[in-house]
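Trainee: Sequence:
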Amino acid sequence: MAAMSVIGIDFGSESCYVAVARAGGIETIANDYSLRATPSCVSFSGKNRVLGVAAKNMMVSNMKNTISGFKRLLGRKFKDPFVQKELKTLPFKAVETTNGNIGIVVNYLDEDHTFSPEQITAMLFTKLKEISESALKTKVNDCVISVPSFFTNAERKALLDAASIAGLNVLRLFNETTATALAYGIYKQDLPNPEEKPRNVVFVDCGYSSLQVSVCAFNKGKLKMLACSSDPDLGGRDFDIILADHFAEEFKGKYKIDAKSNPRAYLRLLAEVEKLKKQMSANSTKLPINIECFMNDIDVHGDLKREDMEAKCGHLFQRVESVLKQCLADCKLKLDEIYSVEIVGGSSRVPSIKQLIEQVFQKAPSTTLNQDEAVSRGCALQCAMLSPAVRVRDFSVTDIQNYPVKLIWDASKGDDGEMELFTQRDAVPFTKMLSFYRKEPFSMKAIYSGEIPYPDPFIARYLVKDVKPTSKGESQKVKVRVRVNLNGMFSVCGAQLTEKREATEQEQAEAEQKEAESKDTQAKETEPMDTSEGADNSSELNNREESMEEDGDKKDKKKTKQITKVVELPIESSMGGYNTQELNYLIEEEGKMIANDRMEKERADARNALEEYVYELRGKLGAEDELGLYVAEADRAELCQKLDSMENWLYEEGEDCNRQVYVDQLTTLKKLGEPIKERRLEHELRPSAVEELRSALQLTRKALEQWRAGEEKYNHLQEEDMQRVQSSVDSAQRWLDDNSSALNPANKAQDPVIKVAAIREQKHSFVSVVNPIILKPKPKVEVVPPADNKDATDNGTGTTAGTGDHSSGKNSQEENMDVE
1 MAAMSVIGID
11 FGSESCYVAV
21 ARAGGIETIA
31 NDYSLRATPS
41 CVSFSGKNRV
51 LGVAAKNMMV
61 SNMKNTISGF
71 KRLLGRKFKD
81 PFVQKELKTL
91 PFKAVETTNG
101 NIGIVVNYLD
111 EDHTFSPEQI
121 TAMLFTKLKE
131 ISESALKTKV
141 NDCVISVPSF
151 FTNAERKALL
161 DAASIAGLNV
171 LRLFNETTAT
181 ALAYGIYKQD
191 LPNPEEKPRN
201 VVFVDCGYSS
211 LQVSVCAFNK
221 GKLKMLACSS
231 DPDLGGRDFD
241 IILADHFAEE
251 FKGKYKIDAK
261 SNPRAYLRLL
271 AEVEKLKKQM
281 SANSTKLPIN
291 IECFMNDIDV
301 HGDLKREDME
311 AKCGHLFQRV
321 ESVLKQCLAD
331 CKLKLDEIYS
341 VEIVGGSSRV
351 PSIKQLIEQV
361 FQKAPSTTLN
371 QDEAVSRGCA
381 LQCAMLSPAV
391 RVRDFSVTDI
401 QNYPVKLIWD
411 ASKGDDGEME
421 LFTQRDAVPF
431 TKMLSFYRKE
441 PFSMKAIYSG
451 EIPYPDPFIA
461 RYLVKDVKPT
471 SKGESQKVKV
481 RVRVNLNGMF
491 SVCGAQLTEK
501 REATEQEQAE
511 AEQKEAESKD
521 TQAKETEPMD
531 TSEGADNSSE
541 LNNREESMEE
551 DGDKKDKKKT
561 KQITKVVELP
571 IESSMGGYNT
581 QELNYLIEEE
591 GKMIANDRME
601 KERADARNAL
611 EEYVYELRGK
621 LGAEDELGLY
631 VAEADRAELC
641 QKLDSMENWL
651 YEEGEDCNRQ
661 VYVDQLTTLK
671 KLGEPIKERR
681 LEHELRPSAV
691 EELRSALQLT
701 RKALEQWRAG
711 EEKYNHLQEE
721 DMQRVQSSVD
731 SAQRWLDDNS
741 SALNPANKAQ
751 DPVIKVAAIR
761 EQKHSFVSVV
771 NPIILKPKPK
781 VEVVPPADNK
791 DATDNGTGTT
801 AGTGDHSSGK
811 NSQEENMDVE
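Here my numbering is used: position 251 in the sequence shown is 251, and no number is missing along the way.
A couple of the hints might just be wrong.
What the hints assert, rightly or not - For lysine-lysine, the following DSSO-like pairs were computed, each having C-alpha atoms within a straight-line distance of at most 30 Å:
(1) K565 / K477
(2) K445 / K565
(3) K252 / K85
What the hints assert, rightly or not - So the derived label-pair ranges between C-beta atoms look like this:
(4) I408 / P81: 23 to 33 Å
(5) E602 / I408: 54 to 64 Å
(6) T138 / V783: 51 to 61 Å
(7) D416 / H113: 41 to 51 Å
(8) E307 / T138: 50 to 60 Å
(9) H113 / N169: 23 to 33 Å
(10) T138 / E292: 42 to 52 Å
(11) N107 / R461: 46 to 56 Å
These are calculated hints, taken from the structure and not from any lab test.
These numbers were taken from a predicted model, which means no experiment stands behind them.
The beta carbon of each residue, even a glycine, is placed where N, CA and C say it ideally should be.
Could you put together the complete structure from these sequences and hints?
Mentor: Next comes the structure, spelled out in structure tokens:
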């Protein structure tokens, strides 16, 4: 099973899906409630954490300590305008922590705790990991997690930190758009060959809180993303809020109650209008909404038609249309070059959105994919491809960079001081080499140069250390390797200093060998780390520079003997997210909370087991009930009293004891209750046990009679053996006769003198003696086939072939031959 421990996680704002690659296909895992969708909710109580479905069920009852919508807070600062807007719609308390980060305040273990969005996300991942391990019956570490295509470096780093805290090894953060495309393409058998024109498919993913539209080109065995546009703040919840606000105003005038002033009531209203919205997708008539005891014990009622909802949400549909048109413009394809438009995501079911898709792309949207599970299935496929544990069909995936990345450095020696390294829609992953000439350590800063849905374009700052001038005080050549990796994150992943000095004649041979080795190493490092299209491309300018320098090096070598040494330089980077020390602390804290949850579950299970035993036993102890006949009246009354007092104890001072106390109490009760259950079981099983022994005796007697009558079936059995059988029959019958009263006790409330185990032992002893005798098979007789010569059958010695043994047959034939 260990080979199957690779999973794909669709981490959504509202709910998550987990898929696994097994032999035979991709399977979506059901959680402990037998549901495929696990809500993105974490709830806290005085004793433990509640995660997933159970947490969602506590949204109203434990509102301030139930956290949802935290995906949109990942990697952001507290004063971020986007965060401030989000927090207004969320019922829990949030504060600003060190470095301006977000802290979510909850009451956990009866005291206030502050957790970061990354920690809350890690808690949800812990639950998803537990669900997966339970379904797969093995440890799960490797995974691929979906990420919105519009997430920046800071948000992606936060998601990776959350996965680390939960103990997950993320093989890749996979863009939701690309995961959907992979889930579509890998099962298509009719894709055009690589040399033919690709099949272009548009994917529209409208989820709970965001809209993403992408275009992908498919050929057999590969996909390439062409364009992706999005609206990070437009999804199904925006329709819910508009509907909730409409009914809140209606109820204000109709019932004189303000739902917006009561967060609990507003949450209930949001849940009801979401159901109404789903009904509207399939029904254009006026639909009702009814909520009992909504506020101040008032029942409320309202209704709405789909066309009225569409009128109120007109501005949202305009935003959807602009994203669709933007993606069409970015992909630079004509409408007739688009093969189909696939829709995924819960909110893509809204009829008006489907109409807009058809208007923009001139094609009716199709639902080839599972609209809810497509992303998780694509992630599971990618995980299977990246993991050595699972074999899967090769499928090349080329993603795109969504925002241009610029590198800025200290301008000197006529340098420009900045360069756009990666443009929008460059292939991902992608590696480039840059050359600098420096005498001392230098720093660089990476930023996003385009418009991004994030207030700060800063990515990271890098300091290249240990750069020194040559012995002559001149600048040295430093090669810096920059990369956008599989996770869609930018990094400076290496720097090399090429040192040159005059060599002695003795060193020349060694130097040439080392130079060859270093060239091999550089050639390997220059190549991209993947097989994606476009990843081989390096800057033409850099290539030209390097080739010119190499020519120059060759000329120099002819003039002066030099050796070249390549030195790896240390790089110090500063970016958002946790450092290693902070991560280790948070991993330890998560481990403590997991242990506490486990202990609380074991304690609750022990308490429930005791409570269940009390109810079960008491319910069966009535005079006419299952166990009432098997206990004396006085004992029954005493036991019922003890069960009543145990129930009272459970709901009073025994409400919050540790696990061992409940285990001890259950053991004490079982010493009184189990003997009664055993007496009942003995009474029910005794007749059949006695009947089995009598039946065995009867069958043996019949065999004895047949043997005495000389029946062929038993005529091979010996006299002394059958006497042993007769003796065993007499002994077993005597035991039955002697214990007849004990085998049918009159008082059911007393423990039986002879138990079922003793009766079965008696039968076993009897059968073990008689069966080997009466079931003994007849000895096999070998038949010798007659010879061709008639005299071989009757050779004058009175021996007939077939009646004697094999050796006598042989001798007869030999004698016959001698006579001849």
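Trainee: Against each hint, give a clear statement of whether it holds in the structure.
Mentor: Hint-by-hint comparison with the structure:
Between K565 and K477, the direct Cα distance comes to roughly 11 Å. Compliance with the 30 Å bound is thereby established for this hinted pair. Only pairs whose Cα atoms come within 30 Å are accepted, and K445 paired with K565 is accepted, the gap being roughly 28 Å. Our distance criterion of 30 Å between C-alpha atoms is met by K252 and K85, whose separation comes to about 24 Å. Between I408 and P81, the C-beta spacing of about 25 Å keeps the proposed range 23 to 33 Å intact.
About 56 Å separates the C-beta atoms of E602 and I408, a value consistent with the hinted range of 54 to 64 Å. Evaluation of the 51 to 61 Å hint for T138 and V783 yields a pass: the beta carbon distance comes to about 59 Å. Taking 41 to 51 Å as the suggested C-beta distance range, the pair D416 and H113 conforms, at roughly 50 Å. Judged by the Cβ atoms, the range 50 to 60 Å given for E307 and T138 holds: they are separated by roughly 52 Å.
A C-beta distance of roughly 27 Å is found between H113 and N169, which places it inside the suggested range of 23 to 33 Å. Between T138 and E292 the beta carbon distance is about 46 Å. The supplied range of 42 to 52 Å therefore holds. At roughly 39 Å, the beta-carbon separation of N107 and R461 lies outside the given 46 to 56 Å, and the hint is violated.
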